[in-house]
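Q: So you can see what is in the structure, the chains are spelled out below.
Number of protein chains: 2
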Amino acid sequence: MTSDLSQVKAIVFDVFGTVVDWRSSILQEITAVAGRLGVQGNWEDFSDRWRAGYYEGTKDVLSQKRTWIKADTMHLERLHLLMDEYGMTGLSEEEIVHLNKAWHRLTPWPDSVEGLTRLKKKFIIGTLSNGNNGLLVHMAKHAGLPWDIVMGGENFQSYKPDSKVYIGAVDLLGYQPHEVMVAASHLSDLYAAKSNGLKTGFVVRPDEFGNSEMQADLVGDERIDVSAKDFVDLARKMGA
Amino acid sequence: MTSDLSQVKAIVFDVFGTVVDWRSSILQEITAVAGRLGVQGNWEDFSDRWRAGYYEGTKDVLSQKRTWIKADTMHLERLHLLMDEYGMTGLSEEEIVHLNKAWHRLTPWPDSVEGLTRLKKKFIIGTLSNGNNGLLVHMAKHAGLPWDIVMGGENFQSYKPDSKVYIGAVDLLGYQPHEVMVAASHLSDLYAAKSNGLKTGFVVRPDEFGNSEMQADLVGDERIDVSAKDFVDLARKMGA
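Listed in order, the protein sequences are those of chains A and G. Sequential numbering from 234 applies to the first sequence in this note's numbering. Sequential numbering from 234 applies to the second sequence in this note's numbering.
Hints listed in this document are in silico derivations from the structure and should not be mistaken for laboratory results. Everything hinted at is true.
Any copy will do: because identical chains look the same in the list, a pair fits if it lies in one copy or spans two.
Pairs of lysine-lysine, DSSO-like flavour, derived with a Cα cap of 27 Å: (1) 462 / 355; (2) 242 / 334; (3) 334 / 355; (4) 354 / 334; (5) 374 / 354.
Computed from a predicted structure; not experimentally measured.
The following block holds chain A by itself, in its conformation from the complex (with noise of 0.2 Å):
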């Protein structure tokens, strides 16, 4: 832990994952919704393709197949069809749109508040996610997250990891790039902002995908300048 971090003033998070605990979350939405539908499927499998359906949706737009549009946006386009075939059925539009919000309604890991509270004391605080920011203010509501600031793709009208949305966040916080600290989970998120000249601070969140096929990142490279089991581990050992 060489990497000199004394200069940073303000830390932006990945909030998916990062945060909140979007699978479990996710699950216990759809499952109650389903039970109530009386249908029966497997909802673990729905729920991460509901999640894939969004992170192919940002590569879409990073590759052109598609125009910038926002997280709502595809996760309303991918429910749709997974609630088809998955037969769904029964369930107004607005119903469905109330149940897409369930994204705006994910539950922080237990040491987020605490850890991100604690933080604000010493540093400003934001989002730097790739969810709207309609999302990310009404999931800050809902979850008692107290950003300074949200921020994320839509500001810069692309996706993390595009350089644009790491050296735009810098600027609309008016600091140098080496002032910044984005702080996630997942390492190739990370290994972005590093390349945009960032710091970076890994957060281990071994049960993101639950006992899904994807693997959570466990241990970082010497690109990562501080890695924390949790957020109250971050705050303390950035001093906060």
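Please build the complex by placing chain G on the supplied structure of chain A, with the hints as guidance.
A: Positioned in the frame of chain A, the structure of chain G alone reads:
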């Protein structure tokens, strides 16, 4: 007061003058620095002209006399000119940059934090300022302003009263124009918001301009959906 405000979900606020008392704060900082340097001058005029430089800068951007620049940059340009004119010498560039950030350290009106805290329980509350995001975030830290989202002209590379700013904010929040209210003490801001379909909340700030020649707006016309004497009154009138 017959306008239907039942669908308002977010209230976005003008900041300088509406939320914070820029003139008293700036006057105090300038007077302190001048005293330390032993320079005499009319520091009220200095403050008003500093503020005017920023206002003129936004107009120059809107008329395409110059490309978009941050409020921080406009403030610094005008500060240098005024310091020369008033014979304020002896500050290092670092000290001048610190003085320029007096605009990050403005004091809220006595009712602002209480009113915003109440409004935040019922609405999404955000900024919609011509100040840059970094300035707004630092100010929120300094003054304890509990924003859900920080937005301003910078997000849309323009300045109020350009429609792009109002429409951009509505889109970033993911709402329709009639679901968003702009709250401001300046009628010109509110009339522009109204012409773009947003709702309008007028808060009277009779003391914004102190004893200068500038006159505060005291009463609006039918384009104003709700008028309040301060933020606590606005919260009450909005049912928060």
